[in-house]
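K.L.:
Using this note's numbering, read the sequence shown as starting at 223 and increasing by one per residue.
No wet-lab data here; the hints were simulated from the structure.
For glycine and all other residues, C-beta sits at the position ideal for the given N, C-alpha and C.
Take the hints with a grain of salt, since some may be wrong.
To be verified - Computed spacing ranges between beta-carbons, pair by pair:
no., residue 1, residue 2, range
1, Arg297, Thr225, 22 to 28 Å
2, Pro334, Asn408, 19 to 25 Å
3, Asn338, Arg317, 23 to 29 Å
4, Arg435, Arg374, 23 to 29 Å
5, Gln355, Thr225, 40 to 46 Å
6, Asp237, Asp298, 46 to 52 Å
7, Thr296, Val436, 16 to 22 Å
8, Ser424, Pro334, 24 to 30 Å
9, Ala349, Asn233, 45 to 51 Å
10, Ala349, Gln232, 43 to 49 Å
11, Thr252, Thr337, 50 to 56 Å
12, Gln284, Glu326, 37 to 43 Å
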Amino acid sequence: SQTAIHEFIQNRFPDHKFLGEEGLNEQSGTSDYRWVIDPLDGTGNYVHRFPYYAVSIGLECQGELIVGAIYDPTRDEMFSAMKGSGAFLNGQAIRGSVVDKLPEAMCMASLPVKTNGESAAVRRFLAILVEAQSVQRSGSAALNLCCVACGRVDGFWSTSLSPWDMAAGVLIVTEAGGRVTQTNGNRFQLETPDLLATNGTSLHEQLVTSLGRVV
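Model the full structure from these sequences, guided by the hints.
P.N.:
This is the structure in structure tokens:
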């Protein structure tokens, strides 16, 4: 599917740059625009026929995310956003939740594929599991971000993501009124595999504090 997406876009915008999960890294274009593509976010879920995976496409201009679209084929749900224009689910405006206390929050996390019980990622997961109402590990960062954006969950974090996992979803969250930083509260950077996305309430600072206790 990445080839089909790439060819479709390139035929219309031949000077644009591309970055994708499956070996796609074309930076030779003369344009300020770069497409960041994940043709199948949640590959493990797809292989096991667990219905939680998506196609994710983001567009940057001079390093700023300006368009994001994530499609969940199992539910026929299209999440989309354009910089300054809000976030939408199948054309209807969406907003994050209003939960502002960690003990009342449902959170999601993405952990590295290969990890062990002594890793910081697992210890962070367990720390939040104790403090929050619940924590899920579902296997698709793109859909986790969508869940934050539409209020199905209240926060999501990971320290092991790639740009194509995050690009579209980060814009969708922020356009839905949420907040995205690194897990230590620093400014989010797409090229850094560290992300904390929340509904934008004081829950964000609580998660920064709790995650920061684990080193």
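K.L.:
Against this structure, judge whether each hint is valid.
P.N.:
Okay, the hints, checked on the actual structure:
1. Arg297 to Thr225: 22 to 28 Å: Since Arg297 and Thr225 have Cβ atoms about 25 Å apart, the given range 22 to 28 Å holds.
2. Pro334 to Asn408: 19 to 25 Å: Cβ of Pro334 to Cβ of Asn408: about 21 Å, so the range 19 to 25 Å holds.
3. Asn338 to Arg317: 23 to 29 Å: Hint violated: Cβ distance 38 Å, outside 23 to 29 Å.
4. Arg435 to Arg374: 23 to 29 Å: With a Cβ separation near 27 Å, Arg435 and Arg374 satisfy 23 to 29 Å, so the hint holds.
5. Gln355 to Thr225: 40 to 46 Å: Check passed, 42 Å falls within 40 to 46 Å.
6. Asp237 to Asp298: 46 to 52 Å: 33 Å, violated
7. Thr296 to Val436: 16 to 22 Å: 33 Å, violated
8. Ser424 to Pro334: 24 to 30 Å: 29 Å, holds
9. Ala349 to Asn233: 45 to 51 Å: 48 Å, holds
10. Ala349 to Gln232: 43 to 49 Å: With a Cβ separation near 44 Å, Ala349 and Gln232 satisfy 43 to 49 Å, so the hint holds.
11. Thr252 to Thr337: 50 to 56 Å: 41 Å, violated
12. Gln284 to Glu326: 37 to 43 Å: Roughly 39 Å apart at Cβ, these two residues keep to the hinted range, so it holds.
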